[in-house]
Structure formats: structure tokens, C-alpha cells
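So the sequence lines, in the order shown, correspond to chains A and B. Just so you know, we're using the numbering used here here: the first sequence kicks off at 54 and counts up by one. Just so you know, we're using the numbering used here here: the second sequence kicks off at 54 and counts up by one.
Think of the hints as simulated: they come from the structure by calculation, not from any bench. Where hints are given, some of them may not hold.
Chain copies aren't distinguished; within one or between two, either way the pair holds.
To be verified - Here are the simulated lysine-lysine pairs, BS3-like style, with alpha carbons at most 25 Å apart: (1) K291 / K275; (2) K331 / K279; (3) K153 / K331; (4) K232 / K165; (5) K331 / K377; (6) K232 / K208; (7) K377 / K208.
Here the structure is a predicted model, which is why all the values come from computation and not from measurement.
Spelled out from the first residue to the last, the chains are:
Number of protein chains: 2
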Amino acid sequence: MKFTKSRVHLLLACVLVIASTLLFASQTTPQSEPLPSWNDGPARKAIVEFVRTTTDKTNANYVPPEARIATFDQDGTLWVEHPMYTQVLYCLDRVPAVVKADPDLANVEPFKTVLSGDREAIAKLSKDDLLKIVSATLTGMNVDAFQAEVTKWIKQARDPRWKRPYTDLTYLPMIEVMKYLRANGYKTYIVTGGGQDFVRVYSEQVYDIPPEQVVGTAGGTKFSYKPDGRPFLTKEPKLLLNDDNAGKPEGIHLMIGRRPYAAFGNSTGDRQMLEYTKAGNGTRLAMLVLHDDAKREYAYGPAEGLPDTKVGTLDNALFDEAMKQGWIVISMKNDWSRVFAFER
Amino acid sequence: MKFTKSRVHLLLACVLVIASTLLFASQTTPQSEPLPSWNDGPARKAIVEFVRTTTDKTNANYVPPEARIATFDQDGTLWVEHPMYTQVLYCLDRVPAVVKADPDLANVEPFKTVLSGDREAIAKLSKDDLLKIVSATLTGMNVDAFQAEVTKWIKQARDPRWKRPYTDLTYLPMIEVMKYLRANGYKTYIVTGGGQDFVRVYSEQVYDIPPEQVVGTAGGTKFSYKPDGRPFLTKEPKLLLNDDNAGKPEGIHLMIGRRPYAAFGNSTGDRQMLEYTKAGNGTRLAMLVLHDDAKREYAYGPAEGLPDTKVGTLDNALFDEAMKQGWIVISMKNDWSRVFAFER
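Excised from the complex, chain A in its bound form (with noise of 0.2 Å):
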């Protein structure tokens, strides 16, 4: 390309007004604040000096952007829990169809007390009936009809307490977490005790975190062909990841092969991925969600000694271990000051 000596002046003239001009704007215009939803306090300051510290070039204890990983549990960390995790609502919801396609399961239990609609009976099934009930729902289908499935669900489904889609009731503080650590650079995981397929289903549209950032309990697929020859995965109920405890540093390294800089969990399932996000060397950020507000969410765990129905809980134990680990407490009553997008 050939400029003209006068359109070079005229380039020039431009790049220096346009530079003084932003020059000019840095000095008067005040940044627009990070993490709005968050009262200020020790969570909140944590977050930020975390940030301030591993992106500051300067500071003995900055991280190059490659090696920014932050691993974020889902139920109970980034949306509600309480008082039953939304897949296991899918998996319920899934019975009748299961049912149908094999009739003989009508009169076996767990699936006999699931088509009753006896919700006091339903509550009360053990945990090896919920695990029948999750492989019958979640196992033997083609993975493009499970995801079509559960991107139908997903839409219907309505949450009886607030009446909206579940996808409604994530966090709008830790959605602001997610947004800021990824504007400073942090590629944000999903590290979820639930399905892995199931999440990775709305999580893009979400939480604005692609499938491939989602870590979850996972199970084999096997590769197989149709008639016509064309190629397909069949979701097998053989189990490789149980994405939950020990399970979740496990997965960590499975799936992005590397140590995260910062982990958000609330329960003792996320135990261990908090703490081998703080064994690594320089600074690191572990922080458990309090479920401590039970006008404007639920409150269970050690803030009020509720009874775990069937989710997992920030116990007594994992309380005393944050607080000897510096691992940072939030809050959801006192740091949040808002804590659905949908509230005004």
C-alpha cells in the first residue's frame, strides 16, 4: 500500500488526538466499579486485592494470563440448591417418558413412587433410588437427543418457590465474579458435582462459559453406526469422573490439566478442589458461599443448623477449615446486596 505524504500528516494528527483525547478520558472518568451486587467487606476486598495482585506485572506474585484458571462450582455456588438440585428435578420430570418406552417399569420402584406425583414420597427416596432413577433419565440415548431434550426442559421448567425458569436463579454477584476475573484475564470453569452433559447444555448461554469449560461427573459414550451409516454417541451409564470431593481436583486435572488460581464453592463436595487450589504456590483464592439468608434465598449449613436434604452443605468441619485455611467466608446476607438479576 502506497500513502500519500500529506494522508500520512493527516494520520498522524489523528493518533495524536485521538491518544491526548483518551488521555483526557482516563484522568476524569471514573473506571465503573466492579462486582456492583457486593456490599463492601472482607469477600468482597479479597476478590479484588486477588485480582489487583495476580494481574499486576510488578507484584512477586503475578500470573501470566495462560496459567489464569478459576474453578467455580454450580449448585449452591453460581445458582439455587435448595431444597433439591435442578437436575435431579429433569430426572424426576424424565420418568413418565421412561416409562412409556418400557412399560413394565410402571409397578417397580423407584419409578412406581415417581408416577404417583407423592411428593412427601418422592423427598423420602434414598439415595440409591435417586442413582436408579438419574441412570434410567440420563443413560442409553443419542447425545444430540439427550442435549435436545434437556434444551426443551430447560425452557419449561419453572421453579415452584419463584415461579421462574431455574436458569433465572443463578447469582448475580458470583455472575459478576465470573465477568470480572474473565476481564482481567482468568479463563472461567464450571467444576460441577452434577452431569457434565446436562450443564454444558445452557451453560454458554448462562453463564457465558463455552461447554468446553464445563468439568462435571461424566460418563463414557460409545461410538457407534447407524444403518445408513452415519456415525453417533450413545451415552453409556458406565461412570469415568464422579466430578464431586476428591473427584473434583481429579477432574481439574483431567479436563484442563492445570492448577487454578482461584476456586468458589459452598459445600463439602468442593472440600478438596480448595484445597489443592491453596496448596499451590503464590497467591490463591479459595471463598465458600454462607447460606445464611433465608428471607431472600434459604438458609441451611452451620448458619442454621438445617437439616441437609440431600444437598451439600457448608458443615461445621469445612466452616472450621476455611476459617484456620484463610480460606474467605461469603456471606450471601451480609456481602450481597443483591442476589437475583430478576429482584429490583
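Based on the hints, put chain B in the right spot on chain A.
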């Protein structure tokens, strides 16, 4: 920030000047040609045409940026695999250290043969023997110790033919394809039958691919605590993913969760990945590297009828499938003007 009216006018004028200059530039400057180490021919054309189609918003087969996934086999597709996989050479080199830690192994096969240094006998080791060596040298240690060992080895080991580090033996034209795809919004992944933990050690440095974008054969790890309470992960002999043949699409689903739009391989172990890629809707690219250049690299597979020497080959059946399914075969001899970056 407050702008004065005159500053706004000045800025507007600048935007116009710059816009017109950019327009002028795009009309007169030829874009730097992609894929400089490729000869003009059907393979190069197929790649350029694929990128043009899938990134053109007006094209019916446009692919949105978040769905742009391209997967590459490593051995024989991105770097030399002949006469033996680099990772197997690493394992053989580690045998003395393993025997030092457990001296009884010195008299046990296949370790005895490896220690003898008899190259001919080593080359004749069975697949089962090699598996024993792989298991003894790749599992049982702290993942951090393993990464440190591989880092050290990969720096000092030399290929006997070129007398260079193995990491120099990457194919420049394929590095160019990866760069070209990334420049057009594609996320590039390695999907290798080799060990995931092994390839992740050098993938960023050699291919500009971060560890989390390496899918490979993966074993489990075990989370536990040191006496001082610090947690660590140990590599276990439990196989989670055999990332070869049908394991490649299964691994892609597990680790990425989306079907690739482009896939590159060179052997029967890549067949299912290429089939799975091509079975997606819209425009998909499937390419096979044919080793037909005995002078600059090696000739094996259907090109020369060379016997299979423990490396996968593009056999006649796969070659026929490629022709029938519209996959593109890359002739190293004809399609590449340069094979290695160190060639002048």
C-alpha cells in the same frame, strides 16, 4: 467524562479519515498469503475454501465463532512418528530410573531387554511388553514430578536421524494450518492416542496449544495428602480414556463436548474422528496426511507398502474410504514445499 463540542468534531473527522484510509488499504494491499509452505493444489485449496465458507456471514454454511473447533491428531500428523512414537522413546529412556527404584526388575522382562541396550531386540518387543514399560514409567508418581521429568527429557533428547530435539520435528505446513485456523476464530485441539499428560507438557511451547486443549489417552489420578497435610495427585494405572479409534470421538465428546468442523489425521486410529467430523451438518473438513516423501521424511502406508512398524498407518482401506467420503489426502511430497522449519 465531558467532551467539548470542538473535540467531538475533531474526533469525528479523525474517524472518517481513518475509515477511508482503511478502505483504501484493503483495496490496494494484497493480504499476506496464508499457508506459505504449501504448494498450490487441491489440499491447500480445500483448506482455504473451508475457512472462506465457514467464516463468511453471508454463506449458508457460516459457522459462529464459538462453534469453530478443529482437531488434530499428533503423531504422524503434526510431527514425525517414524520409526517409533516419541513417547515410547521417553518410556524406554525412563526404564533405568524405574529399575533403580525397584532393582528386582533388572532380571524381569521386558525391562531386562531394554537395559541390555540391544536395539534390535528392543524393536522386537511385543505390544504387551511395551504396555508394561508404559505403565511402569508413566504411572505411580506425583503429577508435578512427572511434568518435571518430561520437561527435562524433551529438552535434552535428540532424534537420531536429524540430531535435533523431537520438538523440532513438527511439520511446518501443519503449524501454518493451525495458525491460519486460529486467525480465523477456530479453537485448535490436539486429539492424540498419545498420553494426555505427556503432550500437555510441551503443547503450548511447540504448538501454541494450551494444556486444556490437548485430548489424549488419559489415566486416572488419586488425590491424597502429604504428611504435612498438603494435597497432591498421583498418576494411577487406571485407564479412563483410550483416545484412539472410536475413543477419539468419545474423547472429543468428553473433553470438548462439541463436534469439530475440521479434523486432521494420518492413520486408521483417526478414522472414527474423521467420520464423526464429516457426519455433522454444513461444511466439514476431513484431511489425511499421506507419508509419501522418503527423501525429506519417510514413506510408509499405501504410498510405499512399507511394513507397519508399531506406528499407525494410512492403510489401503482407509485410503479407499477417504476417496469415497470426500476426505482430502495431503501428499507430503507434492503438497508441501517445506516440511520442517529448520530446512532452508
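Now the hints, each set against the structure:
For the identical chains of this complex, K291 and K275 are neighbours both inside a copy (10 Å) and across copies (19 Å), given an alpha-carbon limit of 25 Å. When the C-alpha separation of K331 and K279 is checked against a cutoff of 25 Å, the pair qualifies only between copies, where the shortest distance is 14 Å, while the shortest distance within a copy is 48 Å. When the C-alpha separation of K153 and K331 is checked against a cutoff of 25 Å, the pair qualifies neither within a copy, at 49 Å, nor between copies, at 34 Å. For a Cα distance limit of 25 Å, the shortest separation of K232 from K165 qualifies neither inside one copy, at 44 Å, nor across copies, at 56 Å.
Proximity of K331 to K377 under the C-alpha cut-off of 25 Å is restricted to the intra-copy arrangement: shortest distance 12 Å within a copy versus 54 Å between copies. Taking the shortest Cα distances, K232 and K208 sit within 25 Å of each other inside one copy (24 Å), while across copies they are farther apart (38 Å). Taking identical chains as interchangeable, the C-alpha atoms of K377 and K208 are never at most 25 Å apart, the minima being 42 Å within one chain and 42 Å between chains.
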